[in-house]
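Construct the complete structure from the given sequences, taking the supplied hints into account.
Number of protein chains: 2
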Amino acid sequence: MDSAQPLYLQLAERIGALVRTGALKRGDRLTSVREMARQQSVSTSTVLQAYRHLEDARLIEARPKSGYFVAATRASRAPVPEPDLTQPPIDSNSVDVSWMAERVFAAATDPGYISFGAACPSGELFQLDRLHRAVTRAAQRHRASLGRYPFAPGIEPLREAVARRALGMGCQLDPRNLLITNGCLESISLCLRAVTQPGDIVALESPTYFGFLQILESLHLRALEIPTHPRTGLSIPALEFALDTQPVKAVLAVPTLSNPIGATMPLAERRQLARLMSQRGIPLIEDVLYNDLHGREGRRAVKSFDTEGHVMICGSFSKTVAPGIRLGWVEAGRWTAQVRRLKAALAGGHTELIELAMAEVLSTPGYEPMLRQLRTTIDARVEEARRLVGESFPAGTRVTDPAGGFILWAELPPEVSSVELFQACLRERICIAPGPLFTATPRYRNCVRLGLGGAWGDVQKDALRRVGAIAQAMLKSARRSVECAA
Amino acid sequence: MDSAQPLYLQLAERIGALVRTGALKRGDRLTSVREMARQQSVSTSTVLQAYRHLEDARLIEARPKSGYFVAATRASRAPVPEPDLTQPPIDSNSVDVSWMAERVFAAATDPGYISFGAACPSGELFQLDRLHRAVTRAAQRHRASLGRYPFAPGIEPLREAVARRALGMGCQLDPRNLLITNGCLESISLCLRAVTQPGDIVALESPTYFGFLQILESLHLRALEIPTHPRTGLSIPALEFALDTQPVKAVLAVPTLSNPIGATMPLAERRQLARLMSQRGIPLIEDVLYNDLHGREGRRAVKSFDTEGHVMICGSFSKTVAPGIRLGWVEAGRWTAQVRRLKAALAGGHTELIELAMAEVLSTPGYEPMLRQLRTTIDARVEEARRLVGESFPAGTRVTDPAGGFILWAELPPEVSSVELFQACLRERICIAPGPLFTATPRYRNCVRLGLGGAWGDVQKDALRRVGAIAQAMLKSARRSVECAA
Numbered sequence: 001m002d003s004a005q006p007l008y009l010q011l012a013e014r015i016g017a018l019v020r021t022g023a024l025k026r027g028d029r030l031t032s033v034r035e036m037a038r039q040q041s042v043s044t045s046t047v048l049q050a051y052r053h054l055e056d057a058r059l060i061e062a063r064p065k066s067g068y069f070v071a072a073t074r075a076s077r078a079p080v081p082e083p084d085l086t087q088p089p090i091d092s093n094s095v096d097v098s099w100m101a102e103r104v105f106a107a108a109t110d111p112g113y114i115s116f117g118a119a120c121p122s123g124e125l126f127q128l129d130r131l132h133r134a135v136t137r138a139a140q141r142h143r144a145s146l147g148r149y150p151f152a153p154g155i156e157p158l159r160e161a162v163a164r165r166a167l168g169m170g171c172q173l174d175p176r177n178l179l180i181t182n183g184c185l186e187s188i189s190l191c192l193r194a195v196t197q198p199g200d201i202v203a204l205e206s207p208t209y210f211g212f213l214q215i216l217e218s219l220h221l222r223a224l225e226i227p228t229h230p231r232t233g234l235s236i237p238a239l240e241f242a243l244d245t246q247p248v249k250a251v252l253a254v255p256t257l258s259n260p261i262g263a264t265m266p267l268a269e270r271r272q273l274a275r276l277m278s279q280r281g282i283p284l285i286e287d288v289l290y291n292d293l294h295g296r297e298g299r300r301a302v303k304s305f306d307t308e309g310h311v312m313i314c315g316s317f318s319k320t321v322a323p324g325i326r327l328g329w330v331e332a333g334r335w336t337a338q339v340r341r342l343k344a345a346l347a348g349g350h351t352e353l354i355e356l357a358m359a360e361v362l363s364t365p366g367y368e369p370m371l372r373q374l375r376t377t378i379d380a381r382v383e384e385a386r387r388l389v390g391e392s393f394p395a396g397t398r399v400t401d402p403a404g405g406f407i408l409w410a411e412l413p414p415e416v417s418s419v420e421l422f423q424a425c426l427r428e429r430i431c432i433a434p435g436p437l438f439t440a441t442p443r444y445r446n447c448v449r450l451g452l453g454g455a456w457g458d459v460q461k462d463a464l465r466r467v468g469a470i471a472q473a474m475l476k477s478a479r480r481s482v483e484c485a486a
Numbered sequence: 001m002d003s004a005q006p007l008y009l010q011l012a013e014r015i016g017a018l019v020r021t022g023a024l025k026r027g028d029r030l031t032s033v034r035e036m037a038r039q040q041s042v043s044t045s046t047v048l049q050a051y052r053h054l055e056d057a058r059l060i061e062a063r064p065k066s067g068y069f070v071a072a073t074r075a076s077r078a079p080v081p082e083p084d085l086t087q088p089p090i091d092s093n094s095v096d097v098s099w100m101a102e103r104v105f106a107a108a109t110d111p112g113y114i115s116f117g118a119a120c121p122s123g124e125l126f127q128l129d130r131l132h133r134a135v136t137r138a139a140q141r142h143r144a145s146l147g148r149y150p151f152a153p154g155i156e157p158l159r160e161a162v163a164r165r166a167l168g169m170g171c172q173l174d175p176r177n178l179l180i181t182n183g184c185l186e187s188i189s190l191c192l193r194a195v196t197q198p199g200d201i202v203a204l205e206s207p208t209y210f211g212f213l214q215i216l217e218s219l220h221l222r223a224l225e226i227p228t229h230p231r232t233g234l235s236i237p238a239l240e241f242a243l244d245t246q247p248v249k250a251v252l253a254v255p256t257l258s259n260p261i262g263a264t265m266p267l268a269e270r271r272q273l274a275r276l277m278s279q280r281g282i283p284l285i286e287d288v289l290y291n292d293l294h295g296r297e298g299r300r301a302v303k304s305f306d307t308e309g310h311v312m313i314c315g316s317f318s319k320t321v322a323p324g325i326r327l328g329w330v331e332a333g334r335w336t337a338q339v340r341r342l343k344a345a346l347a348g349g350h351t352e353l354i355e356l357a358m359a360e361v362l363s364t365p366g367y368e369p370m371l372r373q374l375r376t377t378i379d380a381r382v383e384e385a386r387r388l389v390g391e392s393f394p395a396g397t398r399v400t401d402p403a404g405g406f407i408l409w410a411e412l413p414p415e416v417s418s419v420e421l422f423q424a425c426l427r428e429r430i431c432i433a434p435g436p437l438f439t440a441t442p443r444y445r446n447c448v449r450l451g452l453g454g455a456w457g458d459v460q461k462d463a464l465r466r467v468g469a470i471a472q473a474m475l476k477s478a479r480r481s482v483e484c485a486a
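If you're matching them up, the sequences are chains P and L in order. Residues 1 to 486 (the numbering used here) make up the first sequence, in order. Residues 1 to 486 (the numbering used here) make up the second sequence, in order.
Derived by calculation from the structure, the hints in this document are not laboratory data. Ideal Cβ placement from N, Cα and C applies to all residues, glycine included. Be aware that a few hints might be false.
[Unchecked claim] Now the stretches of chain P that chain L is said to cover, found in silico as 3 or more residues with beta-carbon under 8 Å:
hint, segment
1, 130-140
2, 210-216
3, 350-361
[As the list claims (entries may be wrong)] What the simulated footprint calls covered on chain P by chain L, stretch by stretch (three residues with Cβ under 8 Å from a Cβ of chain L suffice, anywhere in the stretch; the number is not a length):
hint, segment
4, 105-119
5, 149-161
6, 184-196
7, 321-330
Shown next, in the form of structure tokens:
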């Protein structure tokens with residue numbers, strides 16, 4: 001052991017070794033912080049630092065009011081195979097997914113349905129009291145803001161708070177270059193408007209978030225889908241090939257916990273991607289919506305490797321602070337002036353009161369522990385859902401094993417049509433999102449996205465098993481009709 | 001007198017006759033409501049109704065805690081001549097006003113300047129307490145909304161409240177067809193996106209709000225400016241000629257209290273305009289931002305004459321409830337589905353808490369009296385400003401006499417460059433908006449817009465006189481150099 005290491009790291013390594021050798025097993029409770037400090041003759045804050053380090057490394061997890069426990073390790077995670085690198089066709093496509101998205105949304109927001117359709121986390125996952133207090137306080141202290149016409153780029157305290165939070169992603173953003181928006185979608189649509197004209201080609205992950213496809217559709221842009229690995233994300237060689245062969249005007253990506261396949265690009269690839277963008281003079285529109293849900297290196301943004309302003313970084317608070325506050329932000333690198341001008345012209349500023357409340361929440365201590373708690377809760381839930389998929393979906397089903405977030409992507413046997421599965425599930429008041437929603441190509445017909453951000457209890461677990469049973473029945477019937485035809 | 005008339009109308013007519021014959025003069029205090037009821041042997045509510053009727057007709061005005069007074073009549077208004085029908089060139093133009101708009105905005109929002117540059121009303125004109133209470137209550141009662149992801153088209157109670165308020169404009173809007181937006185600008189940009197492609201021509205008033213020109217610039221649309229009369233607004237014959245001769249894809253207009261010239265289109269022209277749009281199958285994007293600031297028939301929207309869904313009506317609350325709440329709405333007639341789809345794709349929903357608070361404010365009694373009070377306050381202020389312009393600006397200056405709102409448009413002698421005047425005023429920390437900002441043509445070089453929605457006291461009055469003095473000096477020097485050259 002390297003005695004030059006800080007004390008807390010030395011302690012963390014000792015405990016980590018116990019976990020790895022099996023001396024401490026999944027679910028074992030760790031010695032309390034106070035007791036451990038006494039045993040090791042270190043301060044309690046050193047022990048806390050060590051435990052947090054192990055938590056970030058996902059070796060242990062905190063449970064509220066109970067203490068620290070050994071977490072499920074990769075090896076102990078449900079042994080369901082993961083999908084391979086995706087292989088979309090190599091031509092760009094015009095987009096037409098809105099009709100399907102509207103049907104999924106209608107069911108996803110109808111309380112009569114058990115919804116795995118939307119990727120929206122539900123309120124119970126967040127500390128809404130803190131935000132509620134901030135709103136009430138802002139209304140009291142900043143009553144005059146109700147009488148002030150709000151302008152872009154948004155209030156300085158919020159832009160400063162965003163800049164401080166961005167340090168956690170390795171980014172030094174100048175608050176003067178930040179623009180507050182009506183959520184990440186608006187950030188992205190402003191960036192796309194600033195750097196493209198109708199008919200232009202935009203490269204993005206495949207599969208991709210259908211909201212991105214809807215933006216492209218609305219702006220009359222063409223989608224060029226790039227092969228994407230469920231662990232490591234956008235394939236850089238494939239992207240390079242695309243840039244070599246097609247007039248791509250922008251790249252739109254979610255390098256951390258991409259939606260729907262949950263990929264997180266390794267740091268080396270992030271560096272490569274930033275360099276590639278600079279070399280080609282093409283903007284990367286980087287969506288960091290989920291970065292704070294990644295406890296480790298995946299939190300670092302591609303923007304942190306961007307030296308020449310070719311990365312336009314877009315974020316929001318709806319996945320990490322509260323879904324009900326509709327605010328986002330963007331730092332558009334060398335396109336900052338254009339993006340700001342578009343925002344001012346097309347939509348104006350935002351209700352300052354809400355900006356003030358958000359600035360307060362982001363600036364008070366407790367944000368990091370809240371994130372930690374959120375990660376632990378959703379990790380456990382997603383792991384449980386993976387197990388259920390492994391048990392109840394047809395043999396041969398593959399499912400992603402994301403390093404965070406609340407989304408799973410399952411690839412069923414090719415005979416199962418996910419659109420038919422979607423429709424059959426709707427009849428039983430269960431909503432899932434079918435694969436074709438996430439592409440402008442004819443792929444992913446046998447894939448589904450499962451959003452696990454909503455309520456999670458026995459009803460939902462039974463519903464997930466039921467999705468599996470319906471898929472089993474569909475597969476059986478599909479194979480029978482093939483036999484009959486033969 | 002027609003005895004079939006309601007009692008309050010009979011009483012109102014009797015009092016009106018006294019004002020018109022001069023028996024009651026400007027500034028005279030009316031008999032108190034209680035005393036008048038006793039004298040006339042009617043109920044106090046009948047007297048109140050009569051007084052409100054006279055207030056709407058601008059014959060009398062209420063002063064808080066003092067009673068009712070005879071208002072300035074047209075005849076007693078400052079005898080400053082008004083500008084003529086505008087005569088923009090007949091070709092469409094690409095737009096490039098953003099740079100000037102940014103300079104005006106920067107000064108308009110800097111507290112170091114005395115600002116007549118922006119057309120934003122200041123908080124002191126509104127009953128912010130009511131709104132503040134509504135926000136606090138919404139935060140208490142609807143805490144769960146912070147945990148709910150908000151979607152377009154916005155919450156039902158707000159859409160219902162907007163539909164109820166639209167009755168005052170003569171419109172029966174179905175809440176299901178209403179879409180809540182991030183303010184009127186966003187409503188208008190969504191409408192334009194739904195009905196145009198880059199390069200298309202949009203017809204609008206001349207001069208027009210520079211925000212509209214910025215939207216057109218951002219969407220790469222061409223502006224075709226239509227002659228507009230400072231009293232009666234958009235010239236319908238000129239518009240018809242434009243539609244006959246050019247491929248106009250949409251008409252964008254502010255039929256009530258247009259910005260900057262404060263015109264209000266008479267009802268007959270409104271009916272004609274609605275019919276024209278239906279005949280040609282072209283959409284009118286109608287901005288009703290100021291309709292509630294017009295006490296009389298100008299409140300009625302063109303949309304109320306639209307039988308076939310060719311009017312897309314756009315409104316907001318920033319001029320009538322509170323500048324600091326950034327919310328607007330749109331009912332897009334036959335383009336409702338397209339506009340909603342664009343909104344969902346490009347920007348999403350809004351913070352529900354604010355929508356809830358706004359729905360409450362719009363639904364409680366007191367909104368109408370508040371509007372009445374607001375109108376009285378700004379009418380008096382605008383009349384005072386007109387007088388000051390008449391006294392201090394160069395001889396030959398014409399100024400509009402709008403039927404409401406807080407904007408004046410002054411046409412100075414042709415030798416005065418309003419851009420130079422703007423720059424000279426800036427050096428003395430006074431901000432005005434130069435005429436060229438309100439057009440994509442080379443017109444209005446000798447015009448300025450004066451926004452009177454900000455603070456209004458001796459400092460502002462002196463500053464307005466100072467603008468006049470600077471203009472006088474500029475004119476003198478211009479004439480002197482002409483003499484020298486001769």
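**Prompt:** Going back to the hint list, which numbers does this structure go against?
**Reply:** none
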